[in-house]
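Peer 1: Residue numbers (this note's numbering), protein chains in the order written: chain A, 608 to 964; chain B, 4 to 535; chain C, 235 to 541.
Hints should not be assumed to be uniformly reliable.
Here are some, though not all, of the chain A residues that point toward chain B, as calculated from beta-carbon distances under 7 Å [to be verified]:
#, residue
1, Ile662
2, Asp663
3, Thr674
4, Gln675
5, Ala677
6, Gly708
7, Asn709
8, Leu712
9, Gly714
10, Pro795
11, Gly796
12, Ile798
13, Met800
14, Thr854
15, Val912
16, Ala914
If you are wondering where the hints come from, they were derived from the structure by calculation, not from laboratory data. Ideal placement from N, C-alpha and C gives every residue a C-beta, glycine not left out.
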Amino acid sequence: MADTGTMTKSLSATGRGRTIVLPRLVGGLKTLGSVLVTLLGLAALTFMIGRMLPIDPVLAVLGDNATQDAYDAMAAKMGLDQPLLVQFADYLWNILHFDFGNSLLSGRPVADEIARVFPATMELATLAMIIGTGIGVPLGVVAAVYRNSPIDHVARIVSLLGYSAPNFWLGLMGLVVFYSVLGIVGGPGRIDMIYEFDLQPVTGFFLIDSALAGKWDVFGNVLSHLILPALILALSALAYVSRMTRTFMIDQLEQEYVIAARAKGIGRWRIVWTHVFRNVAVQVITVVTLSYAFLLEGAVLTETVFAWPGFGRYMTNSLLSGDMNSVVGCTLVIGVIFVVLNLFCDILYRVIDPRTR
Amino acid sequence: MKRNLRLLSSAALATALAVPAVNAETPANALVMAWNIDSISTFDPAQVGEVVTNELLQNTCEELVARVPSDEAEVRPAFAESWDVAEDGKTITFHLKSGAVFPSGNPVTAQDTMWSLKRVISLGYGNAAQLTDYGFTEENMDERITAPDDTTLVLKFGDVYPTSLLMQAIAANRVAGTLDSKLIMEHEQDGDLGNAYLKDKTACYGPYSLAQWNQGQSVVLEANETYAGEKPKLGRVFIRHVAETGTQRLMVENGDVDIARDLTPDDLRELEAKDGVYVTSALKPQLIFWTFNAADEIFDDPKVRRAMKYLIDYDALGDTVMQYLGTPWQSFAQSGALGALPKEEATPFSLDLDKAKALLTEAGYPDGFEATIYVGSLPWSAPLGQHVQQNAAKIGVTFNIEQMANAQFFAKVRGRDFQTGIKAWQTGVPDAHGNASRLVFNPDNSDEAKATQFPSWRASFYDETMNELVTAAAVETDVEKRKEMYAELQKDWMDNGEMAVMFQTYFVAAARDTLKDWTWNGFQVYYGMASK
Amino acid sequence: MTDISSPPRSGSLGTWLRDPNPTSPLQARLHQSWRMWRKLRRNGSALLGLAILLVIALAALFAPLLATHDIFAQDLGNRLALPSGEHWFGTDELGRDIYSRLLYGARITLYIAGLTAVISAPIGLLVGAVSGYFGGWVDTVMMRVTEIFLAFPSLVLALAFVSALGPGINNAIIAISLTAWPPIARLARAETLIIRRSDYISAVRLQGASALRIIARHVVPMCLPSVIARVTLNMASIILSAAGLGFLGLGAQPPSPEWGAMLSSARQFILSNGFVAAAPGMAILLTSIAFNLVGDGLRDVLDPRHD
Numbered sequence: 608m609a610d611t612g613t614m615t616k617s618l619s620a621t622g623r624g625r626t627i628v629l630p631r632l633v634g635g636l637k638t639l640g641s642v643l644v645t646l647l648g649l650a651a652l653t654f655m656i657g658r659m660l661p662i663d664p665v666l667a668v669l670g671d672n673a674t675q676d677a678y679d680a681m682a683a684k685m686g687l688d689q690p691l692l693v694q695f696a697d698y699l700w701n702i703l704h705f706d707f708g709n710s711l712l713s714g715r716p717v718a719d720e721i722a723r724v725f726p727a728t729m730e731l732a733t734l735a736m737i738i739g740t741g742i743g744v745p746l747g748v749v750a751a752v753y754r755n756s757p758i759d760h761v762a763r764i765v766s767l768l769g770y771s772a773p774n775f776w777l778g779l780m781g782l783v784v785f786y787s788v789l790g791i792v793g794g795p796g797r798i799d800m801i802y803e804f805d806l807q808p809v810t811g812f813f814l815i816d817s818a819l820a821g822k823w824d825v826f827g828n829v830l831s832h833l834i835l836p837a838l839i840l841a842l843s844a845l846a847y848v849s850r851m852t853r854t855f856m857i858d859q860l861e862q863e864y865v866i867a868a869r870a871k872g873i874g875r876w877r878i879v880w881t882h883v884f885r886n887v888a889v890q891v892i893t894v895v896t897l898s899y900a901f902l903l904e905g906a907v908l909t910e911t912v913f914a915w916p917g918f919g920r921y922m923t924n925s926l927l928s929g930d931m932n933s934v935v936g937c938t939l940v941i942g943v944i945f946v947v948l949n950l951f952c953d954i955l956y957r958v959i960d961p962r963t964r
Numbered sequence: 004m005k006r007n008l009r010l011l012s013s014a015a016l017a018t019a020l021a022v023p024a025v026n027a028e029t030p031a032n033a034l035v036m037a038w039n040i041d042s043i044s045t046f047d048p049a050q051v052g053e054v055v056t057n058e059l060l061q062n063t064c065e066e067l068v069a070r071v072p073s074d075e076a077e078v079r080p081a082f083a084e085s086w087d088v089a090e091d092g093k094t095i096t097f098h099l100k101s102g103a104v105f106p107s108g109n110p111v112t113a114q115d116t117m118w119s120l121k122r123v124i125s126l127g128y129g130n131a132a133q134l135t136d137y138g139f140t141e142e143n144m145d146e147r148i149t150a151p152d153d154t155t156l157v158l159k160f161g162d163v164y165p166t167s168l169l170m171q172a173i174a175a176n177r178v179a180g181t182l183d184s185k186l187i188m189e190h191e192q193d194g195d196l197g198n199a200y201l202k203d204k205t206a207c208y209g210p211y212s213l214a215q216w217n218q219g220q221s222v223v224l225e226a227n228e229t230y231a232g233e234k235p236k237l238g239r240v241f242i243r244h245v246a247e248t249g250t251q252r253l254m255v256e257n258g259d260v261d262i263a264r265d266l267t268p269d270d271l272r273e274l275e276a277k278d279g280v281y282v283t284s285a286l287k288p289q290l291i292f293w294t295f296n297a298a299d300e301i302f303d304d305p306k307v308r309r310a311m312k313y314l315i316d317y318d319a320l321g322d323t324v325m326q327y328l329g330t331p332w333q334s335f336a337q338s339g340a341l342g343a344l345p346k347e348e349a350t351p352f353s354l355d356l357d358k359a360k361a362l363l364t365e366a367g368y369p370d371g372f373e374a375t376i377y378v379g380s381l382p383w384s385a386p387l388g389q390h391v392q393q394n395a396a397k398i399g400v401t402f403n404i405e406q407m408a409n410a411q412f413f414a415k416v417r418g419r420d421f422q423t424g425i426k427a428w429q430t431g432v433p434d435a436h437g438n439a440s441r442l443v444f445n446p447d448n449s450d451e452a453k454a455t456q457f458p459s460w461r462a463s464f465y466d467e468t469m470n471e472l473v474t475a476a477a478v479e480t481d482v483e484k485r486k487e488m489y490a491e492l493q494k495d496w497m498d499n500g501e502m503a504v505m506f507q508t509y510f511v512a513a514a515r516d517t518l519k520d521w522t523w524n525g526f527q528v529y530y531g532m533a534s535k
Numbered sequence: 235m236t237d238i239s240s241p242p243r244s245g246s247l248g249t250w251l252r253d254p255n256p257t258s259p260l261q262a263r264l265h266q267s268w269r270m271w272r273k274l275r276r277n278g279s280a281l282l283g284l285a286i287l288l289v290i291a292l293a294a295l296f297a298p299l300l301a302t303h304d305i306f307a308q309d310l311g312n313r314l315a316l317p318s319g320e321h322w323f324g325t326d327e328l329g330r331d332i333y334s335r336l337l338y339g340a341r342i343t344l345y346i347a348g349l350t351a352v353i354s355a356p357i358g359l360l361v362g363a364v365s366g367y368f369g370g371w372v373d374t375v376m377m378r379v380t381e382i383f384l385a386f387p388s389l390v391l392a393l394a395f396v397s398a399l400g401p402g403i404n405n406a407i408i409a410i411s412l413t414a415w416p417p418i419a420r421l422a423r424a425e426t427l428i429i430r431r432s433d434y435i436s437a438v439r440l441q442g443a444s445a446l447r448i449i450a451r452h453v454v455p456m457c458l459p460s461v462i463a464r465v466t467l468n469m470a471s472i473i474l475s476a477a478g479l480g481f482l483g484l485g486a487q488p489p490s491p492e493w494g495a496m497l498s499s500a501r502q503f504i505l506s507n508g509f510v511a512a513a514p515g516m517a518i519l520l521t522s523i524a525f526n527l528v529g530d531g532l533r534d535v536l537d538p539r540h541d
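Please put together the full structure from these sequences, using the hints given.
Peer 2: This is the structure we're talking about:
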């Protein structure tokens, strides 16, 4: 009896162990599986779309004057003369080896090209997100607390303008005012031409590279080029973040515990920041993460106006030239960003949010 | 009211721009340019087929002869110090510079030049036509392109061509640059004759060499220490890729670049009035035209095609949408080319809806018809399309416009899959033969021939008489007689040809006053002559 | 029989609408709409948005009467003119009257926004409701597909689609709809997950109703309010997407006065003549703001949590 008792105990102990470890393992595998399936689906979809496109990459490379012989030779070189299924199989096989192939346009490895353009966009997006969150979240909180007051209306108008104004227009106007007239920001491009050779790209993030090299004049120059496009992108992120924060806050402010706390005589802002905001923090982070993901896709028109050699422009350009190898590479990168950021949010939910524990 | 507003806004603009901006100075020993350089995809002279890289190659690879800056129809010695033509007119011997050295340190010899020319034929890209058009083939090239010693290059031809034509078409073309054969062959992959190696390098003998190229970002050229010709005045050329024309304008206004290359007519007009900036231009050998597919039932009739030429208000467009960008021109032989008609004779058509209507009635379309115009994504594409669309509507003809990415548009036209389209075409020689051999001559009109590099074939245009005249004119050595033949050809073609040529275009740029001696003509841009 | 509320007098629509004891489903539904309208009426900014939308809709409807010029008539001699008594908003790069083009453009823009909503909302609703209701592998598969479409760069999808089918408004609408449905599907799924657990649905299920019937008759109507609010908020981004396609030459084709196309062709004149871009830009801005205000208001009204 005693024996069985210990048996049961130990069994139940292992049982409990299993209930903890196994679901985690299964959950982990499931997540991994779904990530893979999503990426595979993305790859298939991009491939299909690529082959559907009427844009001819051969002509994009050879130009309009090419003879038919040259055309056929180039098409064969690009592997476009193979049956579709063979092309797709080749393509998947290569991706599994982390080989995204060569850009049809430049002939360089797509991975190298993305490694060059992505940091430019990421540097911009990160700064924009810091500014957008730094202003957007407090703005949303204040707007919720003073709901339907003038502050709320001003916040709403600012964010609606940020959301609805065409970015390229804001960009050009920003350049006219701050670069041409006032001369207080660096112009288009990531860095002044004279510094372009001074900086050895290590990470590709010019701010980090210049700081690592201890070249603070270069750092200042990079920042002066970065600030205006970052502000403009921040405006649209700010709009979304502040609106969503306001909504979440309003939901919470109507909860009974807030009323109870108020009744206890706890200060208004203390309740807001220590209790209410804590409860919406996870939701806000989710929103911030999502808009970060969208910023990482790169804003084509903003990048064009600011002559920013970034990811969005690279992808659009590749698409319009029919350079599907590059487009597929870009799509997978974006897919991975979304998946990773989604995962990050899921984990955050479990770690921070007491309700899901 | 209107006047007031205009005053007000210009006053506002003036105050806004009068405030001295903190002008960034460009480096004193460098030429800094803002330019849309998206189209660069390789630096292999055998493969390059677009204007941007062509211009860069002209400054990195010295050709056998160079065009005289002030007169593009004339050539002067470059890598070849002199040349002589044999009595039978079929052999040209070039005497090359001796003792020249590549940037790699390898000596430059006539064998390198020979290898570079043959390489173009062997690789068979579009540029091979520069040589195959004059009878060179992969089979006969070993016998016809020879280098008897280190400083002598001999070209043998099967026919007698006018020497000026050969100099322009071959000796001054990018195919006649001298590549570093030894260095390149060390990096050959799978028998590609260094095509992959030259994707992002210039292993060439010339004033500059490519120091850095980042796709869609920047190009940096550096002066070659080993170059024996006239040393470039500015040691470095920085080209920043700027796609947005408004951004280019702001950069040149601000002094962040010395010269901006892609500006719109309206920005140029305002820049021209500003202090510190000047506008410079050069007529290019490029034509903008509206092409009609003769395989289409409607456009098979020359009368219909002629009627379309009366739907275009050449002068009004030239003063507005195309100001600074182009000048009205209607013949295939561009202004400045040997054999081109004078302006009055090269622009016989003008807007005349009654004539157009009458021609359509004669052709059996008294009530008009419906057709499609394809346009690409260049700034002038859609406005020109809408202009003819609107005029056509006035005589009962309905045109639907479809705009698409250039690569897609080109594919449609090359596949003969279009009714009409508005396009541009550039030739490489200041000689009527350049375009006669492409826009008029059609080697074989069958679908199977796939003569896709001929706009005449694309438009299913085939005319036996014109074909013969093109062939005969190319080998006519009496210059006056040759000019007469081209005059006759042009008149016939303007009446019955497959396209309505609208404009000949300009190179146009806005530069800072500090940039001096910016030198160019329609065929060549001389970075090395610019100074500060 | 002492009825507190007096029976509806015939002819008084207001009383009939306000009747708390509806006698028919139609009356019940109308009654609900009436209450919502009353709530919406108290929301100043939503009303402002509604008023703007109404003005735009009227402008679109009466464009032929309000327009002062033929929207296709060109006048190269008077291109890029500043606003004047003759051309209220100036003229564009071919000398066409911008004011008249804006009016006609409102038709196209509203058509794009409306049709996109009509296409994408049902798809999103259906995918979300089915996925949420059935759960299990149906849910997994459908959500995976949704995720793929969500993670796929929307511009690439739209561009690819439009370039495959050829440019044109209707193809642009299909393309934008393809990118607009995944967020709606996710929202509908989240709502369905909550509804599915309610006693009410269990009761219906016990009565033997088929899954299809439950989804169609009970789940979808419950999701509808939040989906409608969400779609209204999306209108702004739909209009901007259409404008974005216009920039790349893939939306409405020239000489259509679609606002995005007008804005994109005005782009090269921004520095030399700001009015050409300002007019369509302001129109787009105003419309998206109006839709956003209405969407915000609708969310407050329709969301039961704010009762």
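Peer 1: Now tell me if each hint is right for this structure.
Peer 2: Against the structure, the hints:
The interface hint given for Ile662/A holds, since its Cβ lies 5 Å from the closest Cβ of chain B, which is under the 7 Å cut-off. A distance limit of 7 Å between C-beta atoms decides the matter here; for Asp663/A the minimum to chain B is near 4 Å, and the interface restraint holds. A distance limit of 7 Å between C-beta atoms decides the matter here; for Thr674/A the minimum to chain B is near 5 Å, and the interface restraint holds. Because the beta carbon of Gln675/A sits about 4 Å from the nearest beta carbon in chain B, less than 7 Å, this interface hint is met.
At its closest, the beta carbon of Ala677/A sits 5 Å from a beta carbon of chain B; the interface hint therefore holds under the 7 Å criterion. Of the supplied interface hints, the one on Gly708/A is violated, with its beta-carbon coming no nearer than about 14 Å to a beta-carbon of chain B, more than 7 Å. Here the hint on Asn709/A is broken, as its CB sits about 10 Å from the closest CB of chain B, past 7 Å. For Leu712/A, the suggested interface contact is upheld, since its CB lies about 5 Å from the closest CB of chain B, less than 7 Å.
A distance limit of 7 Å between C-beta atoms decides the matter here; for Gly714/A the minimum to chain B is near 5 Å, and the interface restraint holds. Given the 7 Å rule on beta carbons, the hint for Pro795/A holds: about 5 Å separates it from the nearest Cβ of chain B. Taking 7 Å as the C-beta contact cut-off toward chain B, the hint placing Gly796/A at the interface holds, the least distance being around 6 Å. Interface restraint check for Ile798/A: the shortest CB-CB distance to chain B comes to about 10 Å, outside 7 Å, so the restraint is violated.
For Met800/A, the suggested interface contact is upheld, since its CB lies about 5 Å from the closest CB of chain B, less than 7 Å. Against a cut-off of 7 Å between C-beta atoms, the interface hint on Thr854/A is violated, since the closest Cβ of chain B lies about 36 Å away. Annotation: interface hint on Val912/A holds; nearest CB of chain B at approximately 5 Å, less than 7 Å. For Ala914/A, the shortest C-beta to C-beta distance to chain B is roughly 4 Å, which falls under 7 Å, so the interface hint holds.
Violated hints, in rising order: 6, 7, 12, 14; the structure is consistent with all others.
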